[in-house]
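Peer 1: All chains, full assembly: derive it from the sequences and hints.
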Amino acid sequence: MPRTARGGEQTTLQARRRRSAIMTSLVWCASAICLLPLVLITAHLLVGGARVLGPRFFTALPTPPGVSGGGIANGIAGTLLLLLVAAAIGLPIGLGAGLFLAERTRTRLAETVRFLADVLSGLPSIVIGIFVWELIVRPSGQFSALAGGVALGVLMIPLITRATEAMVQLVPNALREAALALGYSRARTSLTIVLRTALPGIVTASLLAVARVAGETAPLLFTAFGTPYWSLRLDAPIAALPLQIFNYATSPYDDWRAQAWGGALVLIVLVFALSWLARRVTESRRERLNATVAGGAAE
Amino acid sequence: MTAPLQDASLADAHVRLDAWSVWFASTHALDAVSLVVPRGGVTALIGPSGCGKSTVLRSINRLDDGQAGLRVTGRILLDNVDIHDASIDPASLRRRIGMVFQRSNPFRRSILENVVYGPRLHGLATGDALAAVAERALRRAALWEEVKDRLGEPATSLSGGQQQRLCIARALANEPDVLLLDEPTSALDPGATQRIEELLYDLRTDVTIVIVTHNLQQAARVSDHTAFLLDGRLVEVDATRRLFTSPRDPRTEAYITGRFG
Numbered sequence: 001m002p003r004t005a006r007g008g009e010q011t012t013l014q015a016r017r018r019r020s021a022i023m024t025s026l027v028w029c030a031s032a033i034c035l036l037p038l039v040l041i042t043a044h045l046l047v048g049g050a051r052v053l054g055p056r057f058f059t060a061l062p063t064p065p066g067v068s069g070g071g072i073a074n075g076i077a078g079t080l081l082l083l084l085v086a087a088a089i090g091l092p093i094g095l096g097a098g099l100f101l102a103e104r105t106r107t108r109l110a111e112t113v114r115f116l117a118d119v120l121s122g123l124p125s126i127v128i129g130i131f132v133w134e135l136i137v138r139p140s141g142q143f144s145a146l147a148g149g150v151a152l153g154v155l156m157i158p159l160i161t162r163a164t165e166a167m168v169q170l171v172p173n174a175l176r177e178a179a180l181a182l183g184y185s186r187a188r189t190s191l192t193i194v195l196r197t198a199l200p201g202i203v204t205a206s207l208l209a210v211a212r213v214a215g216e217t218a219p220l221l222f223t224a225f226g227t228p229y230w231s232l233r234l235d236a237p238i239a240a241l242p243l244q245i246f247n248y249a250t251s252p253y254d255d256w257r258a259q260a261w262g263g264a265l266v267l268i269v270l271v272f273a274l275s276w277l278a279r280r281v282t283e284s285r286r287e288r289l290n291a292t293v294a295g296g297a298a299e
Numbered sequence: 300m301t302a303p304l305q306d307a308s309l310a311d312a313h314v315r316l317d318a319w320s321v322w323f324a325s326t327h328a329l330d331a332v333s334l335v336v337p338r339g340g341v342t343a344l345i346g347p348s349g350c351g352k353s354t355v356l357r358s359i360n361r362l363d364d365g366q367a368g369l370r371v372t373g374r375i376l377l378d379n380v381d382i383h384d385a386s387i388d389p390a391s392l393r394r395r396i397g398m399v400f401q402r403s404n405p406f407r408r409s410i411l412e413n414v415v416y417g418p419r420l421h422g423l424a425t426g427d428a429l430a431a432v433a434e435r436a437l438r439r440a441a442l443w444e445e446v447k448d449r450l451g452e453p454a455t456s457l458s459g460g461q462q463q464r465l466c467i468a469r470a471l472a473n474e475p476d477v478l479l480l481d482e483p484t485s486a487l488d489p490g491a492t493q494r495i496e497e498l499l500y501d502l503r504t505d506v507t508i509v510i511v512t513h514n515l516q517q518a519a520r521v522s523d524h525t526a527f528l529l530d531g532r533l534v535e536v537d538a539t540r541r542l543f544t545s546p547r548d549p550r551t552e553a554y555i556t557g558r559f560g
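Here the protein sequences line up with chains P and G, keeping their order. Residue 204 in my numbering is what sits at position 204 of the first sequence, and the numbering runs on without skipping anything. Count along the second sequence from 1, then add 299; that gives the number in my numbering.
Do not take every clue at face value.
[Claimed, not checked] If you only want the chain P side, here are some residues facing chain G, beta carbon under 10 Å, derived: (1) R19; (2) G69; (3) R106; (4) T107; (5) P172; (6) A174; (7) E177; (8) A179; (9) A181; (10) L182; (11) Y184; (12) R186; (13) S190; (14) I193; (15) R196.
Because the hints were derived from the structure by calculation, they are not lab data. Glycine residues also receive a C-beta, built at the ideal position from the N, C-alpha and C atoms.
Peer 2: The structure is reproduced here in structure tokens:
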């Protein structure tokens, strides 16, 4: 239909404005829905967990159902010990493998290792639990903190391997060549110059890996097993926050279920703290990198 | 192709390339380059991008060793010893042959730490003697006066020109016989460039310098000998003044008069 040019222009403009407003509000909605679960979970945890939170909750051992004043002290200590064992296994292996992948990028062995690391990181964690059960629990005849730590450590290996590889590849080749030209051997260049430069990134990735496995439950079910008693022995079953949450939440007792919320809150705070720490390290690294780039680009 | 004539007699040769060829996978980077770098003084390598001048430089301290697909033929002699001889350790070779790169690449540590990296590795000095070595290297690189009160500050806090002189000091701290520079001033402003050229002039008496440069005026200003490379071949090498005023090869003349490259 013929319309005046001016009127037509205005209609198009209005239509565009309308469409833009609709799209903007749709995107807003999507963002809000994305945030909603986290907000709800946190709110629910705060409401449900706050009732049981108190100094005793952190210092007391679990009590039988019906007996008030139970805590999760053994779960917190157990989780920390498990993470320590996991890091002792996952860190050196992951670091070494990542360094190897980054420095020997295109060899056939590197391609194989990279592929297997990806497969390993995609494995359901319960499969790793079964594997460690076969490997350690069955031969030794008992569930143990060591087995739980190994299971979490195996989970960490691919995470740290791929992160280390990525961070090491970010190190400018110019720094490698500077060290080589001074007479550093290839190995020594990797272990000193390259690793030192990539370190903040690797620390960040390691903290995130620890945070990631801290909440794992499945691989602990038949390795660490859990216990209502205080234990820090490597060769005996050990309590862990996720296991306690699992046991309490699936129990028929109200006070235990309330404690499950409390335990979940503590676990989430722990993971938050680790992620926040990782972020801080990343920020300081970015500042340092910026300083380097600015310095190099000056003049 | 006949070997280009060269003034320097072989007895004066500090570094000598003898029919040196390099392949990276299927790329033929250098084709039978024969070149004599006389002891002392400055030798400049010029030529258009991709002509192989950086490869020549990197061959002299074996920096490309171990690269996938690298294949070489011919010989490189340092003081008449084949640098690929089994008795030569690349690490000690690189101590004797320092290298400075196009972009300054200080380690992310203090100014002092940067300078003592090499001497510490090679055990040239320890303890207090290290500080003396660092001071000497920084003085030779004409940087001492500017940094003597801030040796503990991060090397990245220096300006671009200072960083490049720090990299020169870091290379000199190893007390090398030969200093290789790969377009050391291409990222610097004219003032910083001039300081480095003056520095090279002072260093030439006790170090043999080989410099790759894109800047023909720079080659004319700083070098005693100039070699012109094209497509991986050495076209001509001569005393700098003669090469720039009366080149023998028409391709050299075309390049230095700016007709290509």
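Peer 1: Each of the hints needs a verdict: does it hold here or not?
Peer 2: Going down the list of hints, with the structure as the test:
1. R19: violated (48 Å)
2. G69: It is violated, given that the least Cβ distance between G69 (chain P) and chain G is near 53 Å, above 10 Å.
3. R106: holds (6 Å)
4. T107: With a minimum Cβ separation of about 8 Å from chain G (threshold 10 Å), the hint on T107 (chain P) holds.
5. P172: holds (7 Å)
6. A174: holds (4 Å)
7. E177: With a closest approach of 6 Å, the E177 (chain P) hint holds.
8. A179: Holds - the Cβ of A179 (chain P) comes within 10 Å of chain G, reaching about 8 Å at its closest.
9. A181: At about 4 Å, which falls below the 10 Å cut-off, the nearest Cβ of chain G leaves the hint on A181 (chain P) intact, so it holds.
10. L182: holds (4 Å)
11. Y184: holds (6 Å)
12. R186: Hint holds; R186 (chain P) Cβ to chain G Cβ min 7 Å, cut 10 Å.
13. S190: violated (13 Å)
14. I193: This hint holds: I193 (chain P) lies near chain G, its Cβ roughly 6 Å from the closest one there, short of 10 Å.
15. R196: Holds, about 8 Å.
Checked against the numbered hints given earlier, the structure breaks hints 1, 2, 13 and satisfies all the rest.
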